[in-house]
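So the sequences go chain by chain: A and B. One point on numbering: in the numbering used here, the residue at position 125 of the first sequence is 125, and numbering is uninterrupted. One point on numbering: in the numbering used here, the residue at position 313 of the second sequence is 1313, and numbering is uninterrupted.
Source of the hints: derived by calculation from the structure; they are not laboratory data. Hints may be right or wrong, so weigh each one.
What the hints assert, rightly or not - Across the chosen pairs, the derived CB separations fall in these ranges: (1) A:223 x B:1409: 36 to 46 Å; (2) B:1412 x A:162: 28 to 38 Å; (3) B:1081 x A:191: 44 to 54 Å; (4) B:1054 x A:64: 52 to 62 Å; (5) B:1409 x A:213: 43 to 53 Å; (6) A:115 x B:1276: 35 to 45 Å; (7) A:121 x B:1079: 21 to 31 Å; (8) A:167 x B:1409: 54 to 64 Å; (9) A:178 x B:1409: 43 to 53 Å.
Computed from a predicted structure; not experimentally measured. Yeah, the Cβ is synthetic: ideal placement off N, Cα and C, and Gly gets one too.
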Amino acid sequence: MLTLENVRYEQDGFVLAADFSLEPEARVAVIGPSGAGKSTLLALIGGFIAPQRGRVLWQGQDITKNAPSARPVANLFQEGNLFPHLSVYENAALGVNVSLRLSAAENERVMGALERVGLKGYEARKPAQLSGGQASRAALARALCQDKPLLLLDEPFAALGPALRREMLDLVGEIASEHRRAVLMVSHEPRDAKHFAQRVIVVADGVAEAPRETAELFANPPRALKDYLGDG
Amino acid sequence: MARRAVAISKATSAVTAALVLLLVLVPIGAVSLRAGWPEALVVADWAALKFTILQAVLSALFSAALAVPVARALARRQFYGRGALVLLMGAPFILPVIVAVMGLLAVFGQGGFLNEGLSALGLPRVQIYGLHGVVLAHVFFNLPLATRLLLQGWESIPQERFRLAASLGMGPREVMRRLELPMLKERLPAVLLVVFLICLSSFAVALTLGGGPAATTLELAIYQAFHLEFDLGRAALLALVQLALVLGVGLIALQLGRVAGFGAGRGAVRQRWDAGARWLRVQDGLVLGLAVLFIMLPLVMVAVRGAGQVLSLPASAWSAALASVIIALCSTVLCIAAALALASAQGRAAEVIGLLGLAISPLVLGTGLFLLINPYASPQALALPITMLVNALMALPFALRIIAPEYARAEADFGQLADALGLRGLARMRRMIWPQIRASLGFAAGLAAALSMGDLGVIALFADGETATLPLQVYRLMGAYRMEAAAGAALLLVMLSFGLFAVFDWGGRRGADA
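Using the sequences plus the hints, can you model the full thing?
Right, dumping it as structure tokens:
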């Protein structure tokens, strides 16, 4: 279980406060107006920025000062998820071992992950030779290889069309439940959030609210969400 | 309406392009006609060709190789004064060559720091004159340039990639291998080529630190054929050889794609997770410290030695300073006007013309102009106007590289709006272009003024005993072993160069909208 305990992050007048826990294996969407701090929330959990106050806990252990690689998270960023000069196989294999010297068993794992995301036969390609959807799949394969219990998605599929994005989210959902992983996904598409997430975190006015049941939240949206959705 | 606005700038830029071409091509024509044919090439000339290439290769290799650790340290460290250090890396570019040479002599020369230290330790003294002195001076000028170019490379690696590396647990080794080496592989060829190209046309460094049969560049050979032997045929032939060499390399550079730009590289530092180890911090600190020492020490030496002398300079130095400032201001106006006109065409042709200026050496142009003028008038009498013209031409490629992208950006951002409002001609320039690009105009004007101020090229070819610019005066004082007066004049020169740059740059930024 991931816990943000009285976390507060400030920079140049920007503030984000968070104080909540995430259930293990939950699928959670993060929504809210742009600039409110959705990506900041993910960066705090991923360890790319440090809060001025509060602690980040994983299974009760304080990980606030842990380096990004020493945290239980795998990241899919908005862009730059693949190294352009490495093949699809190598990109995925980085998730297992950054030296790229893989044992037979590790190699098996990489090939399995690539097959699972539907990229069997594409191992030797470079990212430039992939379509947008295929590149997303390759990045997902890498995250899968990382074998971390929490997957952070910072709108990695934003550039894809609605149908393809839905397809990728379904794939992420399937893989997450097969491997018993939790997913935290930033989205600016309320429909994606409804489709994908069991719970939703609303980020607005400097606060990341505790996750709430998706259906219940949209049926009875709080003020901040109403303003954002624009139907109030 | 849009068509009309474009048509006006097309006409001005076409005229400018034609003038620039004329200015470059006519002297070259004169040189070709006058050149004594190959039997005139003597052994010494072949040696000059070989030396030119050798020193340029070595200078490029050392500059680029040393720039890698410096740029890496700058790219991955955030510290107080980092911005100032990046700025300092830009200083040698506008530093008059003769001043740098004086500073380097004070550190590495006969009576310099290094030799005092060596002989105190009972070690043999080192000699600065010759190949290693020429390469040392070129590294002094081009290490900072290469560092800035590579720093831009580091800044071009997206932040996400460092985050990805951190989340995968990559250490400094893997980051080097997976992020930095691919970038270097892409950028280093262009950096090497730029430094090589710059060093091919080295005149003032070779004049002061080279010389003799073993260390003469083609440019210096042209000067000697001209000045010492007054053999115009041979000077013209050497100029042709130099031209062929530089154009050949320039063409290769064009083939290779964009020659690296000259931007500042002052963007945000990429946050890093792989370089926290103490030994890496110590290593970076050491690298940066040495780099600062290497760049600063010669400048400090000039300042220290010259400080007491400035006020007691001979009158000839003051009149030379005045001449230099006037030349610099006139050539800046010419250069910026030409750059604006060329930039308004927004075409690749303008870029090629700009590059042409980079490839053609002042001595080649000077030789051609001398041949053209000689039958009708005394070239010496025209020394100052010609210096002004050639200086403007020499600064043009840099000015164009700074102004053209900004001009294009202003047109892309506001061109449609201006068209819709019927803003064209001078009004378009005043209301839309000028306010948008004034920061880059100021920067380019500052560069042009400082480059002209410090130029020691064509003037050496033309001047008689009477006329002189300040850099030439410094050189003459050095040649007469009046080292104290030379140090004072050098300090005055560097203050004027940096001062002109600062005034233009400040004027451009002041009131510029972000």
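How the hints compare with the structure:
| no. | hint | result |
| --- | --- | --- |
| 1 | A:223 x B:1409: 36 to 46 Å | holds, 42 Å |
| 2 | B:1412 x A:162: 28 to 38 Å | holds, 30 Å |
| 3 | B:1081 x A:191: 44 to 54 Å | holds, 51 Å |
| 4 | B:1054 x A:64: 52 to 62 Å | holds, 58 Å |
| 5 | B:1409 x A:213: 43 to 53 Å | holds, 49 Å |
| 6 | A:115 x B:1276: 35 to 45 Å | holds, 37 Å |
| 7 | A:121 x B:1079: 21 to 31 Å | violated, 49 Å |
| 8 | A:167 x B:1409: 54 to 64 Å | violated, 38 Å |
| 9 | A:178 x B:1409: 43 to 53 Å | holds, 49 Å |
When each numbered hint is compared with the structure, violations occur for hints 7 and 8.
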